[in-house]
Amino acid sequence: MSKAASKPSFAEKRNRQKADKLIHAAQSALASGKAGDALEHARQALALVPDYGAAHLVFAQIYRATGNLNEAAKVLQTACNLPDTKIEYFRELAGIFAASKRYDLVQQILFAAIRKFPTHAQTYSDLGVYLIQGDHITQGIAILEKAVDLAPNDWGALTNLGSALLKVGRVSEALQYLGRAEELAPDEPDRRISNLLQIGEAKRHMGDLDGAAEYFRKAIDENPKSGRAWHDLADVTKFKPDSPEIAAMVDILNADKDKLAKVDREMIGFALGKAYIDSKNPKQAIFHLDRANALRRQDFAKDTPTRKAYDSKNACERVRAIADYFPAKLFENLPEKTGDGPDHAFIVGMPRCGSTLTEQILGSHPETLPTGELRSLPKYKDRLFGTTFPCQPEDHTKIRNQAMLTELAKLYRDEVHAMFTPSSTTKIIIDKMLGNFAWAGLILLSVPGAKIIHCRRNPVDTCLSCYSKRFANLQVYAYDQTELGHYYRAYEDLTAHWRAVLPKDRFIEVNYEDLVADIEPEARRLIEFLGLRWNDAVLDFHKTERLVRTASAAQVRQGIYQTSVERWKPYAPYIQPLLTALGIETRD
Numbered sequence: 000m001s002k003a004a005s006k007p008s009f010a011e012k013r014n015r016q017k018a019d020k021l022i023h024a025a026q027s028a029l030a031s032g033k034a035g036d037a038l039e040h041a042r043q044a045l046a047l048v049p050d051y052g053a054a055h056l057v058f059a060q061i062y063r064a065t066g067n068l069n070e071a072a073k074v075l076q077t078a079c080n081l082p083d084t085k086i087e088y089f090r091e092l093a094g095i096f097a098a099s100k101r102y103d104l105v106q107q108i109l110f111a112a113i114r115k116f117p118t119h120a121q122t123y124s125d126l127g128v129y130l131i132q133g134d135h136i137t138q139g140i141a142i143l144e145k146a147v148d149l150a151p152n153d154w155g156a157l158t159n160l161g162s163a164l165l166k167v168g169r170v171s172e173a174l175q176y177l178g179r180a181e182e183l184a185p186d187e188p189d190r191r192i193s194n195l196l197q198i199g200e201a202k203r204h205m206g207d208l209d210g211a212a213e214y215f216r217k218a219i220d221e222n223p224k225s226g227r228a229w230h231d232l233a234d235v236t237k238f239k240p241d242s243p244e245i246a247a248m249v250d251i252l253n254a255d256k257d258k259l260a261k262v263d264r265e266m267i268g269f270a271l272g273k274a275y276i277d278s279k280n281p282k283q284a285i286f287h288l289d290r291a292n293a294l295r296r297q298d299f300a301k302d303t304p305t306r307k308a309y310d311s312k313n314a315c316e317r318v319r320a321i322a323d324y325f326p327a328k329l330f331e332n333l334p335e336k337t338g339d340g341p342d343h344a345f346i347v348g349m350p351r352c353g354s355t356l357t358e359q360i361l362g363s364h365p366e367t368l369p370t371g372e373l374r375s376l377p378k379y380k381d382r383l384f385g386t387t388f389p390c391q392p393e394d395h396t397k398i399r400n401q402a403m404l405t406e407l408a409k410l411y412r413d414e415v416h417a418m419f420t421p422s423s424t425t426k427i428i429i430d431k432m433l434g435n436f437a438w439a440g441l442i443l444l445s446v447p448g449a450k451i452i453h454c455r456r457n458p459v460d461t462c463l464s465c466y467s468k469r470f471a472n473l474q475v476y477a478y479d480q481t482e483l484g485h486y487y488r489a490y491e492d493l494t495a496h497w498r499a500v501l502p503k504d505r506f507i508e509v510n511y512e513d514l515v516a517d518i519e520p521e522a523r524r525l526i527e528f529l530g531l532r533w534n535d536a537v538l539d540f541h542k543t544e545r546l547v548r549t550a551s552a553a554q555v556r557q558g559i560y561q562t563s564v565e566r567w568k569p570y571a572p573y574i575q576p577l578l579t580a581l582g583i584e585t586r587d
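Per numbering that gives the first Met the number 0, the sequence shown runs over residues 0 to 587.
The set of hints was computed from the structure by calculation and includes no laboratory data.
Honestly, I wouldn't trust all of these hints.
Dumping the calculated DSS-like pairs for lysine-lysine here, alpha-carbon to alpha-carbon at most 25 Å [as the list claims (entries may be wrong)]:
(1) K239 to K258
(2) K279 to K568
(3) K115 to K6
(4) K258 to K237
(5) K336 to K73
(6) K166 to K85
(7) K17 to K100
(8) K20 to K73
(9) K503 to K166
(10) K426 to K409
(11) K145 to K166
(12) K336 to K301
(13) K20 to K100
(14) K73 to K115
(15) K239 to K568
(16) K100 to K261
(17) K307 to K279
(18) K397 to K409
(19) K328 to K312
(20) K409 to K166
(21) K100 to K378
(22) K100 to K166
(23) K20 to K33
(24) K258 to K301
(25) K378 to K301
(26) K217 to K237
(27) K312 to K239
(28) K378 to K397
(29) K307 to K336
(30) K237 to K224
(31) K237 to K568
(32) K12 to K100
(33) K378 to K307
(34) K237 to K279
(35) K409 to K378
(36) K85 to K6
(37) K307 to K261
(38) K301 to K282
(39) K301 to K100
(40) K100 to K307
Please read these numbers as outputs of a predicted model, since none were measured by experiment.
With the hints as extra help, turn the sequences into a complete structure.
Here it is as structure tokens:
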């Protein structure tokens, strides 16, 4: 612990005054681009007052501006340990590590800051955001609630908490905080637009599509070039050939060809693709989707400090290789449910495969608790087994390590129960993280009594629908027609393996086309698989008030419809790379 600051002498006060002038000179020099002069002024200031935090801070700012982040961090660490330390030093240090994407260190620094300054609301708000980014959702929400308690009218704290609550489905609460933030209406347009979009998103989750569209249009009124606003509006709007929004988006792309930001051009492109799909213009739809997907694919073309460039061949090989680590004999004696709490069911498959419809049907049963797409299982899989698992010979041993499997199940169940509290009638908790198709075998080996529901749909319909979406998560394979087709075939190979080796009482498949053709027999088959009693509520799934937090939120509110079956055929002339990658020949 740092010592209490003693009262300065007259000479020390005079030196501090001189140091303040030098610090001001250093800041002015830095602002003018004279880093050398700034550094000299800072050295003189620190020579006058060796333990002066303000001098350390300006040193750090100079180092940071010149790219010397290591030295900047060292100087700030010293400043944070001074008797007269200030919250700004901690926040500046956290900013340096955030710029380097060292979010674990950012969290440590901000925790230290709030221990030292327990009433500084902005630090709580920042810490809550970083915790949620690191998938510490429950803890992050608690910290953000503290931020709002300390600063009830702080716009940032309100929107951060609203956004976090939205992530875990506490939408009514989220709307309260987001609504308060809207009333404050800060003068910064970007912040206002962000809040409007969040409110629209919350209303979309609740099934209020007209209300969602109203807020997305408000955001467009604030900034007609907002790609996010157009993208979100397209998701809840059914366009016609003469819809004025189509011409407006085309005009924006044409008028601002060189000035429009890449992300806005990309998102408006996806919105236009959706608009032309609605208005049955396949040629224009794929024209705009090709351009938008190419822009999105650029984001994953190069290595970054936290992510390797996407390599389609390597990704497909890794998916197929999973099967080699999970032979049939592993599943002869799966762990059984002990009666402690609800069972767990996992809906898996490719995006846009009809999984949201399946979840909505099952989630309408009074004895289920649908949770949407949870990051919990893949997060703890990475933490315990490694991010590249399985790819090494020793991974065969890990898969048979009962202690590791038990720990995976415990971490997963504890987090899910913390985020979504089961009621006394809940018998099944449903997780719809589709990418868990890769870990179907690991799930059954670790989570006692777990069951897998694999959703399938026509391959071309699935891929075309993926290609029309800009996913919030990193479905990197979806942004190129050829890469998408190759990935789909790798996914098919792995799921064929699961079909062959997993017990039939733990693994079931449902075809989207069968479901929309005749819902009741398929729904009864699924309910029986889960061991539940039949309830007619599952047939009225579109009337349920439960939340839908996926790209299919708008569609699933419409009930059963068959217009998405064999949707791809009019698009065939424009998706030849995809068809070739899927191994499909068209003769028409």
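Query raised in the report: Any hints this thing doesn't respect? Which numbers, in order?
Result: Of the numbered hints, 1, 4, 5, 6, 7, 9, 12, 13, 17, 19, 27, 29, 32, 38 do not hold.
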